[in-house]
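Given these sequences and hints, build the entire structure.
Those protein sequence lines, which keep their order, are chains A and B. Be aware that the first sequence starts at 126, since it is given in this note's numbering, and climbs by one per residue. Be aware that the second sequence starts at 126, since it is given in this note's numbering, and climbs by one per residue.
Just so you know, the hints here were simulated from the structure itself, not pulled from any lab data. Any given hint could turn out to be false.
Note that the list lumps identical chains together, so a pair holds whenever it fits in one copy or between two copies.
Said to hold, decoys possible - Straight-line alpha carbon distances no greater than 20 Å define the calculated PhoX-like cross-link-like pairs of lysine-lysine that follow: (1) Lys402 with Lys473; (2) Lys247 with Lys321; (3) Lys531 with Lys514; (4) Lys235 with Lys321.
As the structure is a computational prediction, the values presented were derived from the model and not from experiment.
There are 2 protein chains.
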Amino acid sequence: MKNKKDYKIEIMAIGSELLTPYCQDTNSLYLAERLNDIGMEVSHKTIVGDDWDDLVLHIRQAISNADLIIGIGGLGPTRDDRTREAFAAVLQRKLIFKKELLQKIEERFKRRGLSMPAVNKKQAYIIDGAEILENRNGTAPGLWLDTGSKIIILLPGPPHELKPMSESSVWKRLQKFRTDYTARKILKITGLTESKIETLIMDLYPKDSSLRITTLAYPGQIEIHITAHSKESQSQAEEKVQKLEKNILERLKENVFSTSGEELEGVIGRLLKLNTKTLAVAESCTGGFLGHRITNVPGSSDYFLQGVVAYSNEAKINLLGVSSGLIEKHGAVSPRVAEAMAAGIREKARSSFGLAITGIAGPTGGTSEKPVGLIYTALAWDKGTDVTKNRFLGNRETIKFQSSQKALDMVRRHLLKNQKIKE
Amino acid sequence: MKNKKDYKIEIMAIGSELLTPYCQDTNSLYLAERLNDIGMEVSHKTIVGDDWDDLVLHIRQAISNADLIIGIGGLGPTRDDRTREAFAAVLQRKLIFKKELLQKIEERFKRRGLSMPAVNKKQAYIIDGAEILENRNGTAPGLWLDTGSKIIILLPGPPHELKPMSESSVWKRLQKFRTDYTARKILKITGLTESKIETLIMDLYPKDSSLRITTLAYPGQIEIHITAHSKESQSQAEEKVQKLEKNILERLKENVFSTSGEELEGVIGRLLKLNTKTLAVAESCTGGFLGHRITNVPGSSDYFLQGVVAYSNEAKINLLGVSSGLIEKHGAVSPRVAEAMAAGIREKARSSFGLAITGIAGPTGGTSEKPVGLIYTALAWDKGTDVTKNRFLGNRETIKFQSSQKALDMVRRHLLKNQKIKE
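Structure below.
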């Protein structure tokens, strides 16, 4: 058996619709997850259309590159479905007619009160030497072919056929190729740039190739994915992950807001609940997005009392009690107005915390003094207020996200620092 | 020039995260659409991880298979980002340091009040012979390399960097490879089910293979994509689309809210502006999502005055003036409370329209009498109120979307019917 790094697994999704703007292969996410579960990793994914020459070319390359190839789709009855034929051609094997397969397909139609269209007959042919994987949810049988040096698995494209077929026929068989155990963890971070994180943890990048860090950066949020493998046991893999996680946490400290996959709005929801605190929000440029995120958490009505979208100055004055003099003197986009909004909504809602955002989301409305992306976020609590000044880059949507992220993070950091009940 | 079928285009998405169960390439959908617009079709998509040998192998095969290769991702500052290096290695070209590129990257950090971390320096290297594609939204520059026989385009992975870069630097340059003309139109529809639409337009499905209809159904919104090709001219392709569009519009009438790609919030924004009307919203279960959508439209401050997220009954009473008796008698999720919320916010904000949503977004909080997905939307104007009862299916997120869609559509239909200034 090859060692894991050298055991290459390729997922090949077949169908011209997958090359259009309207349709995407999603089966490979499921397959990757189940492969990971048994310690196997996908090395490559390829998506190819129905064109015969393209199909043959990419099957040839897949068989040359990989040890295990999972082909998806193109097993149907139409003229465009040529996966069987193309694999047979590349492998120089014949297609063999299977009478019992034809009977099953015919029975399937009969059960629905239909007679089998002639085109479906081609689904009763299999590649010479392949085993049939039964399809309980469609007419296209799957195929399992072990050539001695390669394993080729062909599965039907519709997820409701592919998944049950894989569950009943594929994973058990692949168990024996398990070369190791895999553990995985995702750390979510806000308040540090990608490069800052890189600098802080650079020397922690594992030299051990069985342990890996992948960093994903979004505006306002960075994710560190840790993956560990073990030849011995699941618990050894988990231990490796935990050790590295602990080291990273020591460096990045409270900037890591989640190690369980939870989003920031979920984290602050849990902290608010733990401390029996309530929250109300006042938004200007985010226009409701902050409230939307907070209320994406089921059960948020336990701690979220109300929100106000004070888009106009009038609304800031009437709904939040911000003084018109303050707006005149400093402008609606200013630290003082942000604080007044936070204090105002807290008072109106009689909540433990008031959280406010004011700024310029763009693309218009910016000036050289107050440019697009200038955002103030403020938090008010019983003993004071806090305000941050930010200059976010991006489009309206990403500026809205970063603003809400910063605001939510103020609540989180405040609770971590000041409240008695931590996690 | 090769003919269209023989001009092979490969999209190569690079990054180990794209081989995990958690992450998927979506950039290729956008790229496929814009390529289609200029008459080019994607022949193959490939997704490869950060492993050096894999990367080099698949770049080598891509360059051998295709005439145009668009590589996505792996241009960042981290150790995993090796797209530049791998393409340079396969092409046997050097990486060249560009001082002006380094300055731009440094300036970008400076604008945010940060100093550039040392790791970002590698982003100032380009493949010998390549042209730089400017990145206005991130530090990773794109590259355009014409080797004489192949064109290689390298783009950054984050969509908010990739899209603006492609729009400003890629499509114009690719125009010259155009083999035919494509016209496209998207009709967006709300208020009809997919099967109802299917029944209404079934006989309009074109027999001509150069004209195509694709229907995409989302909760709360159906899209009909019409695509036409012409060997002759752009105007011939457009004509084909227009003829079919006209026929479909005659069948689906005012249920089509957009033929320009515009979202519903954009449509009502335009209608409100045209009629110099203003809007204020009161949300319960959507938690701010309605305000968020309305304010996603740049310039929405012209007509959107304010919003209130009245999650608690107390907030409905205090912020919207809903009577506590009404809530006691009918419950917070009721047509009467929805109407009172709409009238209440209209009065508070002194806006032309008040728009309200109350309901149960789930997954918890439902009863047999008031199940998850029961949503009332109400519109108040100077002469009355209107209310709708809906039973939406789906998860919290899709129920929130459908609720906001229904509410926005009430404004649209009201304006179409009652206002003097139409389009």
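Earlier hints that do not hold, by number: none
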